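Since chain A is already given, all that's left is putting chain B with the ligands on it; use the hints.
Residue numbers (our numbering), protein chains in the order written: chain A, 1 to 283; chain B, 1 to 660.
Treat the hints as calculated values from the structure; they're not laboratory data.
On a predicted model such as this, the values are computed, not experimentally measured, just so you know.
A portion of the hints provided could be inaccurate.
Computed beta-carbon distance windows for the label pairs [unchecked claim]:
#1 P71(B) / T275(A): 27 to 37 Å
#2 L222(A) / R72(B): 30 to 40 Å
#3 T275(A) / I333(B): 40 to 50 Å
In silico DSS-like pairs for lysine-lysine, Cα to Cα no more than 30 Å straight-line [to be verified]:
#4 K618(B) / K67(A)
#5 K253(B) / K179(B)
#6 K206(B) / K179(B)
#7 K618(B) / K19(A)
#8 K136(B) / K629(B)
#9 K222(B) / K136(B)
Yeah, the Cβ is synthetic: ideal placement off N, Cα and C, and Gly gets one too.
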Amino acid sequence: MIEEIRAKAADLLRSGEVKCFIGYERASDGLTARPFFAYSADEADRLIFDGTCVHNLARYLPDMRGKRVGILAKPCDSRSINVLIREGQVEREEVYIVGVVCDGVYRTTWGKPSRELQPRCLYCSKRTPVVYDYLVGQPPPAPESQHPASISEVEALERKPAAERWEFWRSHFARCIRCNACRQICPACYCPQCFSDQLDPLWTGIRIGLPQNWVWNVGRALHLAGRCIDCEECQRACPMGIPLAILNRKLASRVKELFGFEAGMDPRAPFPFATFEKEEEIL
Amino acid sequence: MARIGVFICHCGHNIAGVIDVGRVVEAAKRMPGVAYAGDYIYCCSDPGQAFIRQAIKENRLTRVVVGACSPRMHEKTFQEVLASAGLNPFLLEMANLREHCSWVHSEAKEEATEKAIDLIRMAVAKASRAEPLFAKPIPITKRALVVGGGIAGIQAALDIANAGFEVVLVEREPTIGGKMAKFDKTFPTLDCASCILTPRMVEVAKHPNIRLMTYAEVEEVKGYAGNFEVRIRQKARKVDHSKCTGCGTCWQKCPTKVPSEFDLGLGKRTAIYIPFPQAVPPKPVIDTVNCRYMAYLEFVRSGREGKPPPQCRICEKLCPTGAINWDEEDAIITERFGAIVVATGYDLFDPSQIPQYGYGRLDNVITSLEFERILNASGPTGGRILLKDGREPKRVAIVHCVGSRDLNYNEYCSKVCCMYSMKYAHLIKERIPDAEVYEFYIDVRSAGKGFEEFYNRVLDEGVRFVRGKVAEIFKGKDGLSVRFEDTLTGGRHVLSVDMVILACGLVPQRDAGEVARIFKLSRSPDGFFLEKHPKLDPVNTHADGVFLAGACIGPCDIPDAVARGSAAAAKAIGLLSRDEILSEPMTAIVDISKCSGCMLCEEICPFDAIEPQVVRGKRVARVKEELCKGCGSCAAACRSGAINLRGFTHQQLLAEVEAL
Ligand SMILES: Cc1cc2nc3c(=O)[nH]c(=O)nc-3n(C[C@H](O)[C@H](O)[C@H](O)COP(=O)(O)OP(=O)(O)OC[C@H]3O[C@@H](n4cnc5c(N)ncnc54)[C@H](O)[C@@H]3O)c2cc1C
Ligand code: SF4
Ligand code: SF4
Numbered sequence: 001m002i003e004e005i006r007a008k009a010a011d012l013l014r015s016g017e018v019k020c021f022i023g024y025e026r027a028s029d030g031l032t033a034r035p036f037f038a039y040s041a042d043e044a045d046r047l048i049f050d051g052t053c054v055h056n057l058a059r060y061l062p063d064m065r066g067k068r069v070g071i072l073a074k075p076c077d078s079r080s081i082n083v084l085i086r087e088g089q090v091e092r093e094e095v096y097i098v099g100v101v102c103d104g105v106y107r108t109t110w111g112k113p114s115r116e117l118q119p120r121c122l123y124c125s126k127r128t129p130v131v132y133d134y135l136v137g138q139p140p141p142a143p144e145s146q147h148p149a150s151i152s153e154v155e156a157l158e159r160k161p162a163a164e165r166w167e168f169w170r171s172h173f174a175r176c177i178r179c180n181a182c183r184q185i186c187p188a189c190y191c192p193q194c195f196s197d198q199l200d201p202l203w204t205g206i207r208i209g210l211p212q213n214w215v216w217n218v219g220r221a222l223h224l225a226g227r228c229i230d231c232e233e234c235q236r237a238c239p240m241g242i243p244l245a246i247l248n249r250k251l252a253s254r255v256k257e258l259f260g261f262e263a264g265m266d267p268r269a270p271f272p273f274a275t276f277e278k279e280e281e282i283l
Numbered sequence: 001m002a003r004i005g006v007f008i009c010h011c012g013h014n015i016a017g018v019i020d021v022g023r024v025v026e027a028a029k030r031m032p033g034v035a036y037a038g039d040y041i042y043c044c045s046d047p048g049q050a051f052i053r054q055a056i057k058e059n060r061l062t063r064v065v066v067g068a069c070s071p072r073m074h075e076k077t078f079q080e081v082l083a084s085a086g087l088n089p090f091l092l093e094m095a096n097l098r099e100h101c102s103w104v105h106s107e108a109k110e111e112a113t114e115k116a117i118d119l120i121r122m123a124v125a126k127a128s129r130a131e132p133l134f135a136k137p138i139p140i141t142k143r144a145l146v147v148g149g150g151i152a153g154i155q156a157a158l159d160i161a162n163a164g165f166e167v168v169l170v171e172r173e174p175t176i177g178g179k180m181a182k183f184d185k186t187f188p189t190l191d192c193a194s195c196i197l198t199p200r201m202v203e204v205a206k207h208p209n210i211r212l213m214t215y216a217e218v219e220e221v222k223g224y225a226g227n228f229e230v231r232i233r234q235k236a237r238k239v240d241h242s243k244c245t246g247c248g249t250c251w252q253k254c255p256t257k258v259p260s261e262f263d264l265g266l267g268k269r270t271a272i273y274i275p276f277p278q279a280v281p282p283k284p285v286i287d288t289v290n291c292r293y294m295a296y297l298e299f300v301r302s303g304r305e306g307k308p309p310p311q312c313r314i315c316e317k318l319c320p321t322g323a324i325n326w327d328e329e330d331a332i333i334t335e336r337f338g339a340i341v342v343a344t345g346y347d348l349f350d351p352s353q354i355p356q357y358g359y360g361r362l363d364n365v366i367t368s369l370e371f372e373r374i375l376n377a378s379g380p381t382g383g384r385i386l387l388k389d390g391r392e393p394k395r396v397a398i399v400h401c402v403g404s405r406d407l408n409y410n411e412y413c414s415k416v417c418c419m420y421s422m423k424y425a426h427l428i429k430e431r432i433p434d435a436e437v438y439e440f441y442i443d444v445r446s447a448g449k450g451f452e453e454f455y456n457r458v459l460d461e462g463v464r465f466v467r468g469k470v471a472e473i474f475k476g477k478d479g480l481s482v483r484f485e486d487t488l489t490g491g492r493h494v495l496s497v498d499m500v501i502l503a504c505g506l507v508p509q510r511d512a513g514e515v516a517r518i519f520k521l522s523r524s525p526d527g528f529f530l531e532k533h534p535k536l537d538p539v540n541t542h543a544d545g546v547f548l549a550g551a552c553i554g555p556c557d558i559p560d561a562v563a564r565g566s567a568a569a570a571k572a573i574g575l576l577s578r579d580e581i582l583s584e585p586m587t588a589i590v591d592i593s594k595c596s597g598c599m600l601c602e603e604i605c606p607f608d609a610i611e612p613q614v615v616r617g618k619r620v621a622r623v624k625e626e627l628c629k630g631c632g633s634c635a636a637a638c639r640s641g642a643i644n645l646r647g648f649t650h651q652q653l654l655a656e657v658e659a660l
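Extracted from the complex, chain B is given alone in its bound form:
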């Protein structure tokens, strides 16, 4: 027979001001199984805890009921008291006499006391059927997965690898580098982007602890913090990278030319290609949609009539190492990881959503990212700022906040556009000294180390800042016309320019919903991934063991992306440095003698924590305890009551109901 101790807390006046604590204690003493009942002014205080501990020892109590506040407040506190008194912490039961009783019934003291007695009676009944529970240690897979090879993912991968853990870096493009690889110079210091990025990319490729998987994507994540099972699709490259030396013969000779994605369609690439000269790995993939030989194969397979496309195969003939492998198909690789860093970045706002800006319709109205390629020495113009017809622009307008700070598109500020716009003004002035540059801004946001100084420098260089929104861009007499309102001097004006650069905002990646689903992430109202706490837990997520880095959390510049990468790495390292984690002891358990193997529970479990197993020739359900979150859905669904939830067993709950 259990020896139950009941402790009623006054919580100062919070409880005792409404409930007659003395009466509750007297009633508790007469409840079945109760060996001791007492009260204390603040049970959670140090002396309160000592009081409970002593009572447990003196009265040889085996179960404890504390009538106090919500278990969310102090269940842990009192569990520790039990543990320090030598009892299993799960032999504690809390009755919520404050939130559920005294606070809501302060007008009806008599009834509140009656209700408090009922709540205690139920808790006593439940406690009498409580059983000790034990957390199990689960070993950890000491490897990390980093998804997305932009600067944030690169930083995270390097930090984790340098801490001595194995890392797999999965990037969906044929090269790592992300957006930063497209840039020419970076604000505010104007370092050359590739000069600072390329060494990092090479370091990733060379690092003994990093395995780089480009042209690959994560398809499914199963498991839990410490032990994820991840299915990765390695897309077919049709090039055996173990043989390829990256000599470049193939992509120099391939006859198929298509718009280059890396150059945002401004330049061309071949069907077998590396996205840009410093790509890592420096080995090509074949774009199977545009390759002539693949088109030929497709034609033959489809059995269509007519003249087949040419059987090109030039790359295969010229490759000195015989690396071309037409038979290569997508490969599915399943690996285990302890921690995951998601660093999948952002997309640029698509300005064709704002028809009055004419993007896509008017020549020389371009996006910022396109301008980055134009500025870049390895870009389509070799770094010369040119109009579509090859002339140099003399008047350039830069429109801020395109798609940002605008309730029609995105309410938020994209944070980096002011700064990169001023970077452009400076670079245009540097390369075309007699050019006039106009910045159309709402506010100049230059908060950051060295940012305001950079703003002042650009002002001194003679860049014109116009405060006002651009209403419309249209074809003028010669070149483009920009209609705008100057909100400082008042008045509407039209300005003739040769080129307009749209400082487009940063938006969640196109497939953010799908990525969120795969990694079980939540998203904030703006569509970016949701951190666990915006201030105190900025790289953790609600999915244990999955961390966020870079601009997938929200717009940020490179220093922030790197800092977030390191922060996520620190969290991942923290998890991986442990040898084991403790399982949740309140899990479901199947009584196989009652289980019919209908597997309804498997269908219902939101955490995929139930699977069938065969015991003595009979199929029954099994709970994977590491995955079970103790939600109890299965226990409710099982008709024969074969599933019980530890800590909330059918026996405990029915005892509670019956006590009432």
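Bound-form chain A, shown alone:
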């Protein structure tokens, strides 16, 4: 698999088809992976792929606009690419997508190996990327989903009384240090100026305090409703361990329930919030 990826990337770089190939290389702990940008065929040898390759590389595509780039895409990354295409942040013709069939990625952290799957992989319904130009690996026979999540964290939380849920989020948001790591890593956050950075109007408030944090966290989640593809990178990046994915997943499931829409599956599907039908259920 790795050899095939390296050979394909080298080909693309050698032929000039792409200027840069975005993939993974081994980090200096010898254990985890880190994003890697190969600019020449020689460098392609450093590429790797295995269960440590957690990052959603689609994050880097908007910054590469105007250049032809190649990218290694797991199923989740491929959905992000679709979101970016539909939102005009990536031109389909400018990216060469090397899709890779994925069995899930691990909770490996710096210096600490793990064979436990990332929570997102338990919810993931795809093993084959939804968009690619070249596929590495054998697409699995249907059904694609491999680890049906037993009872989700969302449901578990929903079963609790409102006061407890409130306390759950209050205590989490109270710890937010507004470092913006969640935003910086999110492949769907590309606004030139985030609402939370604006001073006039002052949407969020400058102070790092509960009300301000609350506005930020809820605002962030709402801006991703119908757009988040559940790569869970925000939660992985959060240094305070705030379970952001629960919020994201809840919104995604509501969007699916109400509009039958799943982000990133089809770049041409009309966006639910921008469509209007005469007969619509009042929410």
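For chain B with the ligands alone, kept in the frame of chain A given last:
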């Protein structure tokens, strides 16, 4: 720093009877930015307005808050006060102390006063962030589009053209004339329809300001009053009308005969045809579905096996000017107009929906429109009233209100059926003097100039009027039997007749929904197009710059259709005579430094008012201000807050929220 003036209106007792105005004024004086606060018994009255004007000048106010009634009532009034005091009118903010406060809280005066103070505080906060706004003049395209070439559309086109404006008249059939062209005589004066209509049709064709586009349809309308962009499909005629002289050789010689739509299937036409002898333009089109050569071409294209149809091409061989053009395809033409008149008429109610009347099943049960063709000298029988077997009918029944005034079909009265039914009785009596004619009616509705007189005349001619609904029409011993109830004398009877004419009602055109969608029209519950106001604005619509004429608004006779045509023309002329219109100043605006170019706003805007543009290599959104209606959908959708709505900016609204 803004110098804000606050004016609290008593509205007589309406506000002051509940709210302690004095306390509100005192509280307002202490609000940030407020340089003056006062109250007046009726702010909207002349002295009230003068009071505000004077206070603005004396206190050098730069923003004004009026705590009074709903802005829907008096926003304009107070905006004008600001303008007359030298302030931009959009620096006004209204707090609704009446509908939102005193009227709904008359039982709780104390709390109402507290709420009034809060409402004023919010309005003051919003006003402090208000910016002057300016309407922009937009030049007008001084041309009109008239859609539908019935009598109403013809009248509208002529009136607008005579006022000196260019008109394009689009008609979907190969000729103009509409329903009226099918008639023989018209009630109540019995003028020959074509004698009065044909000159008008020719006038349209000859008018230097009118461009006639028959066999064409409007596909899309974009833009706004004053500047519409309209996409028109000119259907392929396969005949080059610039070469054709209308000599008629082709349609006399074409071997393909098919039922004529114009004669409602009672007569035949050829595959290359004009619908009727006085058609305008008098030049043919080829019906590509039935033409033999087209069938041959289709056969070859499909690559099917077997014997191909004949390669007829007789018209092409005989045409002296070489006008036949097999290569002609549908053409799409895009043009700009300032005003649009929709005059697309009506359809006849389809009586086969009433099975007990036997239409389509029984011979000699015919619709009124079919009877018009039978009466017409250029119709299938040359104007002789004949049964299917060629005999003259001796007893004729005319059934009123078919599909009208009947909750099973249409509740409304179709207005013209009584009159045209009596026209038929008269014409039958005139042409077959010994014929017996029976009118089965519910009520005779003959309101109109000369109508009642015509009714009396027909009564005198010996026409039998039977008050009652016909229950059933069936095959009798010889001819047809009509079962009916006579509600005047009581009792059920059966009458034997030779012919039954169904006075079918007028219904919305089959594709009314599609036409409404294209022109952004609304429809009333009966399905006809909705006028802006049924009494005071009968030819205007809710789509600015689009006017209605003729029977597409609802059933009407020819004089009404003509009057509506002229009325719509007057409205269109009124719009076109202006050089420019003022844009709505409260529009959305994009801060391109914050815009990511995701174009969600473009998808969301219900008025197609947003498009992408490239600024310094970066794609960003642009608001087409002329189209923007200021609904604010885009401003709500934009995640980065790149879109602001002038007059309701994020800054203003957040200031309001924070003041609370
Ligand atoms: C049987 C019968 C007898 C009548 N007799 C009389 C009478 O004696 N005296 C009298 O005063 N009134 C009479 N009327 C009423 C008369 O027919 C109407 O008042 C009149 O025809 C209305 O004219 P109009 O131009 O509004 O509609 P129409 O005559 O229906 O004209 C509409 C035109 O628009 C065209 N059109 C439709 N849709 C489109 C489109 N999407 N694009 C382009 N073109 C389109 C149609 O092809 C048609 O040419 C009678 C009605 C009936 C049914
Ligand atoms: S929604 Fe906002 S960011 Fe997206 S294109 Fe429109 S203005 Fe730009
Ligand atoms: S305010 Fe409404 S009409 Fe104007 S551009 Fe935005 S969405 Fe369109």
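Evaluation of the provided hints:
no. : hint                          : in the structure
1   : P71(B) / T275(A): 27 to 37 Å  : holds (32 Å)
2   : L222(A) / R72(B): 30 to 40 Å  : holds (32 Å)
3   : T275(A) / I333(B): 40 to 50 Å : violated (31 Å)
4   : K618(B) / K67(A)              : holds (14 Å)
5   : K253(B) / K179(B)             : holds (28 Å)
6   : K206(B) / K179(B)             : holds (21 Å)
7   : K618(B) / K19(A)              : holds (21 Å)
8   : K136(B) / K629(B)             : holds (14 Å)
9   : K222(B) / K136(B)             : holds (20 Å)
Violated hint for the displayed structure: number 3, the only one.
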